[in-house]
Amino acid sequence: MPVTDTPASPLVALRDVQLSFGDNAVLRGIDLDVQRGQAVSIIGPSGSGKSTILRCITGLLRPQHGEIRVGDTRVDTLRTEAELIALRKRVGFVFQQYNLFPHLTVLQNLVIAPTRVAGRDRATAEREARALLDKVRLSHKEAAYPGELSGGQQQRVAIARALAMRPELMLFDEVTSALDPETVGEVLTVIRDLVRDGLTCVLVTHEMRFAEEISDAVYFTEAGVIVEHGPAARIFGAPSSERTRAFLHRALGEGPRTAPARPASFPEALPFERMRFAL
Amino acid sequence: MANEVTVNALPMRAAFGTRLDPRRHPWWTALATVVLIVGTWIATGTTPVALELLWQWTPALLRGLLTNIEISMLAMALGTLVGLVVGALSLSPLRLPRVLTRWYVQFFRNAPVLVLIYFTTYVFPFELHLVKWTVPFPDWIKVVLGLALPTSAVVAEIFRGAIQSIPSAQWEAAQSLAFRRTEIFRLIVLPQCLRRMLPPWMNLYASITMSTALASLVGAHDVVDTAQIASNTVARTDFTVLVYFTLLGVFFAYCYPIARATRALERRHARH
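For the protein sequence lines, the chains are A and B, in the order given. Numbering that gives the first Met the number 0 numbers the first residue of the first sequence as 0 and each following residue consecutively. Numbering that gives the first Met the number 0 numbers the first residue of the second sequence as 0 and each following residue consecutively.
Looking at chain B on its own, in the form it has when it is part of the complex (with noise of 0.2 Å):
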C-alpha cells in the first residue's frame, strides 16, 4: 500500500498510468531497455565489436559455468555427507573420537582452500593403474576433493552447533512425555536442527561456489579457464574487460539468490 501512495504522488503517473510505471517491474523495464538496444544495434549495424564476440564466446563460456555448478554441487554432497559423520561423532560420549574430529575440524577449517585444491591435485596420481587398465584421474574430480574437505569441516561445525543450541529442557520435556532417546533425537531434536543447519549450509554453498573459479589455476576447464582462453584468443583489451566483468556477472547472478533466499529463511525461522 505504501508503494501505491508514493507512485500516486508522482508526475510520472500521468505518463504511464499506475500499471504502466516502470519503478514497479524494474526487471521488466530492463529486459525492454535491453531488448531495445541490442535491436538498434541489430537494425543499424552497429554493435559493439566486443559484444559481437562475447556473443561469439557465450557457448564456451556456459559450458564452463556448468563446470564450476557441478564442482560445487559434487563437493557440497560430499563434503555434507563426511560433515554430518564427522559433526556426530564430535558428540560422542567417547573421548577418542571427539579429539580426532575436533583436530580434523580446526585443521580444515583453517587451512586455504586454494592450498587445499593443490594439496589434492598432488597427493592423487594423475592415472589409476587397476589391473592392466591405465584410468585417468580428472583434476576436476580433484578440485571436487579439495573443496570437499572445508566443506565437510564446516557442516561438521554446523551440525554440533545446531544440536548443541537445542535446550536440554526439550530433552527432558520429551523424556516426560515417555518418548525413547531415540525418539527424542529424531522427532525433536533433529527436525529443529535441519531448520537452524538450513541457513548457515546455504551461505556455505554459495561461499564454496565461489571457490569453484580456483579450479582453473589447477587446469580444470571452468568458467575462468574459459574466459582466460578467450581473452588470449581475442586478445583486445576491451574485450578482456567485457568478459571479466562478465565473469562477476555471472557468479553474482548465481550466488546472490542463494543469500537471498537464506535471509528469507532466516526471517521465517525468526518467527516461530
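Just chain A, with the same shape it has in the complex (with noise of 0.2 Å):
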C-alpha cells in the first residue's frame, strides 16, 4: 500500500492553500497529496473545509493562496471558461445531493455530457451509459425520472453520470449524508468497486469505518488546517494528535451507524429490533 509521501508526481497536490469567504477564513493552509490510483479520505468535523478543499480541486473555488495542482495543471491560475472545461473532462464530481437533471431519464442524465460536451457518437454514449447502469445495479431504471428514484438510486446515478465522463478522478462530496441509513450501503458498495477498480479518489465523508476500510491515506481537518494525516490503519487505530483522538472518538462512539453495507443482513435483524422495543 503506496504511503502519502511517496516521490514520483501525484496525480492531485495542494500547496498551503488558503481561501476565505469574507472574514470568514475557511482554509488556513492546506497541504494534501492524492498518488494515482490511491483513495483518499478527508474526515473531519462540520465546517472544517472539507467541502471546499474539493470544489477547489476542481475549479468551482479558487483560492486566494497557494497553488494546486492536477496533473500538470495548475488549477488555481486557470482563468478562462475553456481551461476550467479541460479540467473538468477529466475529473468527475458527486453530490452530497445528487443534483441529477430532473427534466431527463436517468439515461439521458448520463448521455447529455458525453455527447454534447465530449463530442462522443450517441450510439457510443449510450452503450457506455447502460453498462454504467449495469455496474451501480440500475439497469432497470434507464427510463425512469429522478423524481421517481429513491436517494440511494439517485446518488448511485450521479456516480454514473460522473463515470460517464470517463474521469481520470472521482471526488465525492459527503455522497451519504443526505440518505435514509438503508440506503446508504448500496452507494458505499458502488465506490468500493470503483476504488478497487483502481480509480483515483478523493472523499469527504462522515462513514468512519467505510473510510478506514477502503482509504489509503486519511487526511483530518479542523477549522480549515490538516491536523494530521497518515495511512487509515494508522489514523484510525494510533492517531498522534488529541484532537484526532477526540473526533474519533465522538464520531465512532455515538454507535453502529457507520458499519459498511450488509444489506442481506438488515431484514432478519429489523423484526427483531422492532419487537425488542415494543417489549
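Please note that the accuracy of each hint is not assured.
Chain A is faced by these chain B residues, among others (derived, beta-carbon under 8 Å) [unchecked claim]:
(1) Ala177
(2) Arg179
(3) Gln191
Every beta carbon over 10 Å from chain A, so not counted as near; a handful from chain B, in silico [to be verified]:
(4) Pro96
(5) Leu216
(6) His220
(7) Thr245
(8) Pro256
These are calculated hints, taken from the structure and not from any lab test. The beta-carbon is built from N, C-alpha and C at its ideal position, and this holds for glycine as well.
Since each chain sits alone in its own frame, please combine them into the complex, following the hints.
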C-alpha cells in the first residue's frame, strides 16, 4: 500500500491553499497529496472546510493563496472557461444532494455530457451509459425520471453520470450524508468497487468505518487546517493528535450507524429490533 | 373500476344496461337532450321567439368572438415576446437594466387593464399620416397594445421567477460535468424553466381572453359589442337576458378548457 509521501508525481497536489469568504477564513493553509490509483479520505467536523477543498480541486472555487495541481494543470491559475472545461472533463464530482437533471431520464442524464461536451456519438455514449448503469445495479431504471427514484438510487445515478465522462479522478462530497440509513450501504458498495478497480478517488465522508476500510490515506481537518494525515490504519488505530483522537471518539462512539453495507442482514435483524423496542 | 361498481349497484342498469347508462356519457346525453328539445320545437312550431332571434344573431356573435380570439392571441404573442426580453434584462448583472425593468413590471402589473386600454386608445393617433397616404389605426390594434402591456409585465415576472427557481446546484452540477455557461442555460436551465412557465402562462392567456371583453368599450366590434347591438336592435327583455347568458357561456366554454389543461399539466409536472 503506497504511503502518502512517496516521491513520483502525485495526481493531485495542494500546497498551502488558503481561501476565505469575506472575513471568514475557511481554508488556512492546506497541503494534500493524492497518488494515482489511491483512495484518500478527508474527515473532520462539519464546517472544517472539507467540501471546500474538493470544490477548489475542480475549479468551482478559487483559493486566494496557494497552489493546486491536477496532473500537470495548475488549477489555481486557470482563468478562461475553456481551461476550466478541459480540467473538469478529467475530474468527476458527486454531490451530497445528487443534483441530477430532473427534466431528463436516467439514461439521458448519463448521455448528455458525453455527447454534448466530450463530442462522443450517441450510440457509443448510450452503450457506455448502459454499462455504467449495470455497474451501479440500476439497468432497470434507465427510462425513469430522477424524481421517481429513492435517494440511494439517485446517488448511484449521479456517480454513473460522473463516470460517463471517463474521469481520471473522482471527488465524492459527503455523498451518503443526505441518504436514509438503509440506502447508504448500496452507495458505499458502488464506491468500494470503484476504489478496487483502481480509480483515483478523494472522499469527504462521515462514514468512518468505510473510510478506514477503503482509504490508502486519511486526512483529518479541523478549522481549515490539516491536523494530521497518514495511512488509514495509523489514523484510526493510533492517532498522534489529541484532537484527532477526540473527534474519532465522538464519531465512532455514537453507535453502530457507520457500519459498512451488509444489506442481507438487515431484513432479518429489523423485526427483532422492533420487537425488542415493543417489549 | 370504481365507476363500474357504483353503476352496477344502481337500478338504472336494468333499464339501460351499463353501456347506455347516461351517467357514463354526459356529453352524449346533453347533446341528445338538446336535439330532442329542438326537434320537438321545430316539429310543433313552438320555438320560443327569443331563441329563434338568438339563432339569427349567432353568426354575428361568432364573428365578434373571432375578434376577441384574434385580440387575445396577438396580445399574448406580443406580450410574451416583450416579456421574455424584459425578464431576461431583469436578470442582468448590470444595475440599470435591473432597475428599469423592475419599474416597468411594477408599473404595468399594478395598472387596471381598462385604464391601459383607454391609455393606448388615446395616446396613439386615430390615423397615421405616411407621406401622402393616410392609414387608419384601428381600435382593435390599440386594444392589442393595451392588453400586451400588462401581459409583458406578467410574462417577465413568470420568466424571472422560473429562472430563479432553478437551484444553483443545477448550475454547479452542470459545471462539474464540463458544460459551458451557454450550454448550461440552453440544455439544463431553460428546458426546466419552460415546463415551469407553461401553467402560469396558460392561466395568463385565459385571463387576457376574459379581458378582451373590455375592447367593446373603445369601439372594437367584438362579441360583447355585437351582443349590445343585438340587444338594442331586438329590444326584448327575454332576448337581452338570453344573449348575456350566451355570452357567459361562450367565454366559459373558451376559458374553462384552458384552466383544465393547466391543472392537468401542473399535476403531470408534479410527478417528475
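Results of checking the hints against the structure:
| no. | hint | in the structure |
| --- | --- | --- |
| 1 | Ala177 | holds (4 Å) |
| 2 | Arg179 | holds (6 Å) |
| 3 | Gln191 | holds (5 Å) |
| 4 | Pro96 | holds (23 Å) |
| 5 | Leu216 | holds (43 Å) |
| 6 | His220 | holds (44 Å) |
| 7 | Thr245 | holds (43 Å) |
| 8 | Pro256 | holds (26 Å) |
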